[in-house]
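Visitor: The primary structure of each chain is shown beneath.
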Amino acid sequence: MTAAVAQFAPLLAQTEIHNRAEGEASCVAQNKAFCLDWALDNFDRYTTPLLEHLVLVVVSVAMGFLVAFAMALLSHRRRWLVPTFTGATGVLYTIPSLAFFFLLLPVTGRGTDTAIIALTAYTLQIIYRNIVAGLANVPVESREAGRGMGMTHRQLLWRVELPLALPEIIAGLRVATVSTVAIATLAVFAGAGGLGEPIYQQLDFKTNIVIAGGLAILMAIVFDALLVVALRLLAPWRGREPASARRRHRLATLRRAPEAA
Amino acid sequence: MEAGHQAASVSYRDVTKRYPGQTEPAIRNLSLEVPAGEICVLVGPSGCGKTTAMRMVNRTVEITEGDILIGQTSVRERDPAELRREMGYVIQQVGLFPHRTVADNIATVPRLLGWDRDRIAARIGELLELIGLDPDMRDRFPSQLSGGQQQRVGVARALAADPPVMLMDEPFGAIDPIARERLQNEFLRLQAEIRKTVLFVTHDIDEAIKMGDRIAILKAGGRLAQYATPAELLMAPADDFVEDFVGADRALKRLALMRVRDIDLWQAPLAFVGQATGEVRAKLDGAEVPHALVVDSERRPIGWLSETDLARETVPQRPDSGPQPILDLDDVMRDALADLLQTETQYAPVTDGDGRIAGVLSVEIISEFLVSPEAKVEEHAAVERPTAE
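Those protein sequences? They're chains A and B, same order as listed.
If you read the first sequence in our numbering, its first letter stands for residue 1, the second for the next number, and so on.
If you read the second sequence in our numbering, its first letter stands for residue 1001, the second for the next number, and so on.
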């Protein structure tokens, strides 16, 4: 950790010089909460970290989902595996993130791989538990009816059990995604960049923290909203109104809006 | 239109079910034959194994010993999933898939069987009409339907691939009494049309009597106590258990199974309008019914001739006392008795389909019938009782 901070020291120094050279005595020099001019002038420097962060989150959650899903399917008809898997993912979840990165460094080296492995490991617990809970909460009578009508185990799983577990699976993905967005700010210590890089480069420059931190929060909100929309589209049966009626209602609202204006 | 599958008989051949870890079998040497196209109700107290007995037919419960034949084929030789697709299955909690629309729910088995889209769509339309559900309901989800509507969709889903056999496990058990009665009647009407072989599980003896062509009463330990038609069961219970289970009011229950034409009616002396009262008076001597019934030229009842009427010269057009209640030969006996009691009359004229007099029913005839029916029925009850071994 000390090594990592030491590495950033020259960078920090450089930026300060750079700022002073421009002679922005006003906002930046006073280190106000947020300097809009500076933000507009320097927004470019956040583009790469933002994209890196995005890749880290998407790849980690996607991989986490695939692994957790495979585990859930494995333990679905072998209930005795559930405590084992829950325990194993739980242990992974308790490892402090920085420690995780440094444990992996000798094996996978500095870089994105290390960060993604650790981030993926963190998502497993939440996603796995939610898939298992979702499958367990499928109504007994739906299962019995499906079986009684001649569905094979596989047909029952894909046509009845998983669709009915979807709300809980997506709820798990929402929590996992939001927390991954947050933990990924530490990926900079594994040498994987992301929004953590600008944050830890200029910890004492408030505008920087607001922008980098704000982007992370914004990313979390957007992902969360996307997943909520996905749930609406994939599980239209959850509301009492039929999906078509809800759509009609929404269209009506949209059509009314310009009249009101 | 789907070429209907012929209904198939279901026969239990000495079937025993033992669950692992239990010393007592759940079903013990069950043998019974359900003829094609009939409703067989499996009834008994909880824990008698009636649901187990039904579920062995589609192998959701495996048979330990013995065999069940559908038509000529043993269920043990069939792949369970394929076997189940050939049987309609309705359960108490309905078990509609909450994530699927009415149409998709009905399409479950046809899709498993790989029907093409057009055929499935056509079949859904047919079935919605059959169960009397508005075609607009196609795209509703189960949560948007009433309990009765859900149950109807459940029946439609079971009928989707036109299976030769239907299994119904307390299908109306979770429905309020009024809706249940309506669904029962609807199903009986439907069955008259589709003629499936139905195995129907219930714990309610009244439902069993109403729905069953035949009733199998099971007692604790999975033993068959009696297998008979509802009328036989009520008139000649095989043992104390059956008598007890059927209930102390079994005599009254029998009235629900009978129509007025099933009983020997009395004949009242007829008095035609305009006839001389002297002729009528002569007929009254030694008649079964001590009152004369006034009828028109078409022999349709108009009323009862009173003493004052008799004092006249001829039979009047409007006798003092009206003919009500007038019963029909096809009335259910229980309803006929209710009419008699409600109008507080001793006799009621019974007419045929054209409104012509066919005889007279009285409370006395019914009570005589209820008091000593056993001897009369025992003979033909004995013919079809397979329990006697």
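Rather than coming from a laboratory, the hints here were simulated on the basis of the structure.
The reader is advised that the hints may include incorrect statements.
Some, not all, of what chain A presents toward chain B, calculated at C-beta under 8 Å [claimed, not checked]:
{"no.": "1", "residue": "Ala39"}
{"no.": "2", "residue": "Asn42"}
{"no.": "3", "residue": "Ala133"}
{"no.": "4", "residue": "Leu135"}
{"no.": "5", "residue": "Glu141"}
{"no.": "6", "residue": "Ser142"}
{"no.": "7", "residue": "Glu144"}
{"no.": "8", "residue": "Arg147"}
{"no.": "9", "residue": "Met149"}
{"no.": "10", "residue": "Met151"}
{"no.": "11", "residue": "Leu164"}
{"no.": "12", "residue": "Ala235"}
Every residue gets a Cβ at the ideal spot worked out from N, C-alpha and C, and that includes glycine.
Visitor: Are the hints correct? Go through all of them and say.
Guide: Structure-based check of each hint:
| no. | hint | in the structure |
| --- | --- | --- |
| 1 | Ala39 | 46 Å, violated |
| 2 | Asn42 | 49 Å, violated |
| 3 | Ala133 | 17 Å, violated |
| 4 | Leu135 | 14 Å, violated |
| 5 | Glu141 | 4 Å, holds |
| 6 | Ser142 | 6 Å, holds |
| 7 | Glu144 | 6 Å, holds |
| 8 | Arg147 | 6 Å, holds |
| 9 | Met149 | 5 Å, holds |
| 10 | Met151 | 7 Å, holds |
| 11 | Leu164 | 6 Å, holds |
| 12 | Ala235 | 7 Å, holds |
Hint check: violations occur at hints 1, 2, 3 and 4; the rest are consistent with the structure.
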